[in-house]
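There are 2 protein chains.
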Amino acid sequence: MPMTISEVSERFGLSQDTLRYYERIGLIPPVRRSASGIRDYGEEDLKWIDFVKCMRQKAGLPVEMLIEYLALFQQGDGTLDARKTLLVEQRGRLAEKIDDMTSTLRRLDDKIARYEQTIGGKEQALRAP
Amino acid sequence: MPMTISEVSERFGLSQDTLRYYERIGLIPPVRRSASGIRDYGEEDLKWIDFVKCMRQKAGLPVEMLIEYLALFQQGDGTLDARKTLLVEQRGRLAEKIDDMTSTLRRLDDKIARYEQTIGGKEQALRAP
DNA sequence: CTACCTCCTGGAGTCCTCTCCAAGTCAAGC
DNA sequence: GCTTGACTTGGAGAGGACTCCAGGAGGTAG
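Each protein sequence line maps, in turn, to chains A and B. Throughout the first sequence, residue numbering follows the working numbering, covering 9 to 137 in sequence. Throughout the second sequence, residue numbering follows the working numbering, covering 9 to 137 in sequence.
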């Protein structure tokens with residue numbers, strides 16, 4: 009079951025350009041090629057793509073960090089500690105971002121509530137006289 | 009109490025360039041000037057800056073949207089509904105982002121937990137023989 | 001008066017993350 | 001054997017959000 013770039017692109021909703029770009033900059037490991045140089049994605053590749061997509065699009069982690077993570081990964085078991093440290097650090101940042109966003113969400117809610125009051129007030133004013 | 013750009017910059021941790029930039033693109037209202045053209049920030053300005061800083065740095069809302077919000081605001085009460093709609097929409101996006109990040113946080117936690125197991129396992133292996 | 005500091009403006013430059021493009025190659029169908 | 005279509009590459013372009021800079025002016029201190 010050959011997994012071409014177009015199939016992977018479709019499956020993950022990432023453009024072919026983005027997939028090639030990710031590979032080029034070392035965000036995902038080099039993909040195996042057919043005799044004529046065409047990429048053939050394997051299970052492992054798909055896992056990396058899934059991981060990277062999640063960390064980039066959902067968490068917004070910096071590309072830099074993910075490149076470093078893959079680099080460590082490819083250096084083998086000696087980097088387990090370093091990898092874990094990296095993840096823990098990013099986890100911290102992410103948690104912080106979530107906190108920030110949550111407090112901002114509340115702020116927005118307050119603001120919206122005030123709009124509702126104001127607008128409600130106007131409507132009543134229109135109904136009253 | 010004149011509030012110069014350097015004071016505002018210090019107070020909010022935004023560079024003077026950023027403050028001028030924000031004003032230029034309509035993210036904050038035009039600031040009053042002294043006779044010689046030097047900005048003198050008032051209470052209202054500070055509130056806008058605080059709001060914008062929060063929405064940009066904490067929530068990551070797009071500059072575009074904030075410009076639109078200010079523009080509506082400056083058009084007066086006729087835009088109350090539109091403004092509220094804008095906020096509600098962004099609130100939704102933000103909530104979604106928070107959800108995404110929260111699920112990613114869990115995923116990171118899982119990954120970290122697995123690293124802990126693996127590394128713990130190694131340590132035990134070292135202690136055992 | 002001169003020096004100096006902070007401010008001003010408009011425009012160019014930078015960083016990050018893609019995204020697009022031109023030119024070329026290969027496999028398959030007719 | 002030629003066309004077609006999906007794939008390849010390296011490099012240029014794009015968009016968002018700043019950030020920096022040159023050149024110039026006002027106010028103050030010595």
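You may find that some hints are simply not true.
When chains are identical, the list treats them as one kind, so a pair holds in a single copy or across two.
Stated by the list, open to error - Derived lysine to aspartate or glutamate pairs resembling EDC-like cross-links, with alpha carbons at most 20 Å apart:
1) K55 with D118
2) K105 with E51
3) K61 with D25
4) K105 with D117
5) K66 with E124
6) K92 with E76
7) K119 with E76
Treat the hints as calculated values from the structure; they're not laboratory data.
Results for each hint:
no.	hint	result
1	K55 with D118	between (41 Å within a copy, 15 Å between copies)
2	K105 with E51	neither (32 Å within a copy, 28 Å between copies)
3	K61 with D25	within (14 Å within a copy, 34 Å between copies)
4	K105 with D117	both (18 Å within a copy, 16 Å between copies)
5	K66 with E124	neither (31 Å within a copy, 24 Å between copies)
6	K92 with E76	within (12 Å within a copy, 43 Å between copies)
7	K119 with E76	between (41 Å within a copy, 16 Å between copies)
Violated hints for the displayed structure, listed by number in ascending order: 2 and 5.
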